[in-house]
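> Chain A is already provided as a structure; the job is to place chain B on it using the hints.
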Amino acid sequence: MGTMERILSKYMELPDSHRLAAYRQAGGYQALAKALELEPEEVIAQVKEANLRGLGGAGFPTGAKWSFIPRESNKPKYVVVNGDEGEPGTFKDRHLMEKAPHLLLEGTAIAGHAVGSQRAFIYIRGEYVKQYEILEAAIEEGYEARLLGDNILGKGFNFHVSIYKGAGSYICGEETALLESLEGKKGWPRLKPPFPATWGLYGCPTVINNVETLCQVPGIILNGPQWFAAIGTEKSKGTRLYGVSGHVVRPGIYELPLGTPLREIIYEHAGGIPAGKGLKGVTPGGASSGVLTRDEIDVKMDFESLAEIGNMLGSAAIVVMDEETCMVDALHVISRFFAHESCGQCTACREGTGWVEAILRRILDGEGVKSDPDLLLDIANSMTSNRICPLADGAAMPLISFVSKFREEFDFHISEGRCSVGAHAAVLSGATG
Amino acid sequence: MSIEFSVAAKDRLKRLLEQYPTPRNGLLPALQLAQEEFGCISPEVEDYVSGLLQIPAAAIRELVSFYTLLHKEPPGKHVLHLCRNLPCHLRGGREIQAYVERKLGIEAEGTTPDGRLTLLQSECLGACEDAPMMMLDGKYYGPLTPEYVDRILDPILSGG
Numbered sequence: 001m002g003t004m005e006r007i008l009s010k011y012m013e014l015p016d017s018h019r020l021a022a023y024r025q026a027g028g029y030q031a032l033a034k035a036l037e038l039e040p041e042e043v044i045a046q047v048k049e050a051n052l053r054g055l056g057g058a059g060f061p062t063g064a065k066w067s068f069i070p071r072e073s074n075k076p077k078y079v080v081v082n083g084d085e086g087e088p089g090t091f092k093d094r095h096l097m098e099k100a101p102h103l104l105l106e107g108t109a110i111a112g113h114a115v116g117s118q119r120a121f122i123y124i125r126g127e128y129v130k131q132y133e134i135l136e137a138a139i140e141e142g143y144e145a146r147l148l149g150d151n152i153l154g155k156g157f158n159f160h161v162s163i164y165k166g167a168g169s170y171i172c173g174e175e176t177a178l179l180e181s182l183e184g185k186k187g188w189p190r191l192k193p194p195f196p197a198t199w200g201l202y203g204c205p206t207v208i209n210n211v212e213t214l215c216q217v218p219g220i221i222l223n224g225p226q227w228f229a230a231i232g233t234e235k236s237k238g239t240r241l242y243g244v245s246g247h248v249v250r251p252g253i254y255e256l257p258l259g260t261p262l263r264e265i266i267y268e269h270a271g272g273i274p275a276g277k278g279l280k281g282v283t284p285g286g287a288s289s290g291v292l293t294r295d296e297i298d299v300k301m302d303f304e305s306l307a308e309i310g311n312m313l314g315s316a317a318i319v320v321m322d323e324e325t326c327m328v329d330a331l332h333v334i335s336r337f338f339a340h341e342s343c344g345q346c347t348a349c350r351e352g353t354g355w356v357e358a359i360l361r362r363i364l365d366g367e368g369v370k371s372d373p374d375l376l377l378d379i380a381n382s383m384t385s386n387r388i389c390p391l392a393d394g395a396a397m398p399l400i401s402f403v404s405k406f407r408e409e410f411d412f413h414i415s416e417g418r419c420s421v422g423a424h425a426a427v428l429s430g431a432t433g
Numbered sequence: 001m002s003i004e005f006s007v008a009a010k011d012r013l014k015r016l017l018e019q020y021p022t023p024r025n026g027l028l029p030a031l032q033l034a035q036e037e038f039g040c041i042s043p044e045v046e047d048y049v050s051g052l053l054q055i056p057a058a059a060i061r062e063l064v065s066f067y068t069l070l071h072k073e074p075p076g077k078h079v080l081h082l083c084r085n086l087p088c089h090l091r092g093g094r095e096i097q098a099y100v101e102r103k104l105g106i107e108a109e110g111t112t113p114d115g116r117l118t119l120l121q122s123e124c125l126g127a128c129e130d131a132p133m134m135m136l137d138g139k140y141y142g143p144l145t146p147e148y149v150d151r152i153l154d155p156i157l158s159g160g
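Read top to bottom, the protein sequences are chains A and B.
All the letters of the first sequence, read from the start, carry residue numbers 1 to 433 under the working numbering.
All the letters of the second sequence, read from the start, carry residue numbers 1 to 160 under the working numbering.
Only chain A is shown next, with the shape it has when bound in the complex (with noise of 0.2 Å):
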């Protein structure tokens, strides 16, 4: 393996990163000026050839998405940064909007320029309230020195960003709920096709990118997309912030190429478990992604790799369980997220998360019956189809692996009626919301 780039770290360690002077120190924007030089197909054909793909949780090739814009249609086209991070144990675009609010405005105005586009909006999570009021000043700053706004670098190229609060729904990290937000209504994601390329934001062509994908573009601009090729895997190229916590030392970002083991990233950069207690599970991917046990974690973090066992690299969240931890209560935590999540659309989500959350409380109060691990297998199936958007599947797959893998937990749980591990009282579910 070659030497580690810090690619996004560099930009986030400097002394007052989030201001305009560090970042152009830096070196910033120097790629948006190569950027403006070049045809718009050839910063395309750039990130295609780079294999740049979408780190908020689908990996979509970045290049792909940006090409199906089509450039022949007279609507106005958009481009939104989905800024709504949600998935739970993700926080890197917390940092990277907190640190590096330039790098994600170049990295927004290049994807601009690439598909025609003089409108950006920054869609930023209701809470993330530090991270809004610093990307507010960096967009300032940005217009003053005509980095954005009219005529940008007096190359001619114009490009109006504003930054666009939500209020609080994980579902609106979804591309097309993301959309229905930003057109004031709620959340509830659309069918697809059409997808946001040909029918997007006011029904116009919009590339839809997460933050942290936005900011891996200025890199590839300016150093070529060998330099980014030669990093991570065959299919899953450079590097990106995995965000670690639970039962770890170091919990926080570690920047890393593509194909890192998750044993590494753990053990060797996240210190490993506390008080030297082994590891009994790990999602490696977010709540939506399933849980891996001890045996697993040598997979190499990349989205093939997880692909393979099952599982997905999702957001890179990397959420750490120790021996201690019961997996039925920690399955219950991620299922009452995902019934309290589910917009309601679509009733085998609304029902089935309702209803998995319902038995696991059960389960956990001591009343659960012989039949409830397979009912909630049974419901998990259900789930995985009849549905508008991935949310009912995000909630299945943990549910599948933890039942499936920790099974006499489970059945612990319910012939007993109390924890095999003794992690809790008997009574825990507490009040739900």
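Because the hints were derived from the structure by calculation, they are not lab data.
This one's a predicted model, so the numbers in the text were calculated from it and none came from an experiment.
No residue lacks a Cβ here, since even glycine has one placed at the ideal position from N, Cα and C.
Careful, some of the hints might be misleading.
To be verified - Here are some of the chain B residues that sit facing chain A, going by a computed Cβ distance under 10 Å: (1) Tyr-20; (2) Val-45; (3) His-89; (4) Gly-126.
Said to hold, decoys possible - Straight line, CA to CA, 30 Å or less: simulated DSS-like cross-link-like pairs of lysine-lysine: (5) B:Lys-10 to A:Lys-277; (6) B:Lys-77 to B:Lys-14; (7) B:Lys-77 to A:Lys-130.
Claimed, not checked - To be clear about the criterion: a stretch of chain B counts as covered by chain A if any three or more of its residues have a C-beta under 8 Å from a C-beta of chain A, and this derived list gives those stretches: (8) 26-38; (9) 66-79; (10) 132-145.
Positioned in the frame of chain A, the structure of chain B alone reads:
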């Protein structure tokens, strides 16, 4: 009591709505502004904004019932969101929740009788490296211990 935006708020609303093709597209930011002005989106506020923007009140009710950061009823002077999701839960989130509930005399969610503080349960706030954590009036605090909770909340509870 008649609901009306201040002059400054009306000006902010005008500039805000200029960014969007239709008033409906600016409804969520308009409601966020209304909540800043009036404390919550009560039925009276719904009717006021409906008339001002010429948008059916049902469309406003749609947003208020969907988005967790919009309040239908006046919250306390301070609003506390306590994270209950997995990374915080793994690092003692439930114990902190129990401590805060005992401290405030509130079960799960509610407002203190003196109206100083509203406690709400929250899903992941995106600060898992500082678990267990909470958001008070839009500011993040963590990792929490009972002592740290006291240091943050006592000034508020005693008269801030």
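> Going through the earlier hints one by one, which of them does the structure break, listed in rising order?
Violated: hints 2, 5.
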